[in-house]
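Turn these sequences into a full structure, and let the hints steer you where they fit.
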Amino acid sequence: AQSVTQLGSHVSVSEGALVLLRCNYSSSVPPYLFWYVQYPNQGLQLLLKYTSAATLVKGINGFEAEFKKSETSFHLTKPSAHMRDAAEYFCAVSVDNQGGKLIFGQGTELSVKP
Amino acid sequence: DSGVTQTPKHLITATGQRVTLRCSPRSGDLSVYWYQQSLDQGLQFLIQYYNGEERAKGNILERFSAQQFPDLHSELNLSSLELGDSALYFCASSVAVGGINEQFFGPGTRLTVL
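Chains A and B supply the protein sequences, listed in that same order. Going by the working numbering, the first residue of the first sequence is number 1, and it counts up by one from there. Going by the working numbering, the first residue of the second sequence is number 115, and it counts up by one from there.
Please keep in mind that the hints were generated in silico from the structure rather than gathered at the bench. Quick caveat: nothing in here was measured; it's all calculated off a predicted structure. One or more hints might be untrue.
[Claimed, not checked] Incomplete in silico selection of chain B near chain A, CB under 8 Å: (1) F159; (2) Q162; (3) A170; (4) S208; (5) V211; (6) G212; (7) G213.
[What the hints assert, rightly or not] Listed next, the in silico EDC-like pairs over lysine to aspartate or glutamate satisfying Cα-Cα at most 20 Å (straight line): (8) A/K58 <-> B/E216; (9) A/K58 <-> A/D85; (10) A/K113 <-> A/E66; (11) B/K171 <-> A/D85; (12) A/K113 <-> A/E88; (13) A/K69 <-> A/D96.
The beta carbon of each residue, even a glycine, is placed where N, CA and C say it ideally should be.
Below you can see the structure in the form of structure tokens.
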């Protein structure tokens, strides 16, 4: 079975500061990993995904994530936070032998202070 | 705009009632997923259809059912509603099954059970 743990339900940073959102996964087979963002009253939008091609994945809006198999981690980073980055972020895992359903972490709400 | 549409946006109903949520996938996508987002349980996978056939099931209650029609739109039926069914219900679509495929999410239907 697969699972995802996001450390920290709420993260607050100042504008211009580094953003680091943590995600650890558990999977008995090679996983695909995703980060989604949810703005208030909206659906989820894909930020980036890991599909085994490269361990460092670049996404939209300046975000990137690094897949570390030894640490079973897929942390999301952005060098400099903007006010518009304030949202809820979800890490998710899927595998081929289960149809591609996404298993989500509990989410991390990012606040950005001016 | 993800290209996935969901209707209605909001639904308010009473306990014991039955409702139907509708989803139209992106043009060309054959796979449809339903997810439930609640404060208690977070984002949970309910059920997946591919080209009209059920492909995967999550922790979907027996009171809930879904189907995908020949035109590929999908409906999620919730019956004997309870207060705890109040949640945001998302539909997502992807071009095929398999964990590697990106899922595109609709804006969701917010269900309130009074």
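* To do: Compare the structure with the hints numbered earlier in the document and write down the numbers of the violated ones, lowest to highest.
  => 10, 11
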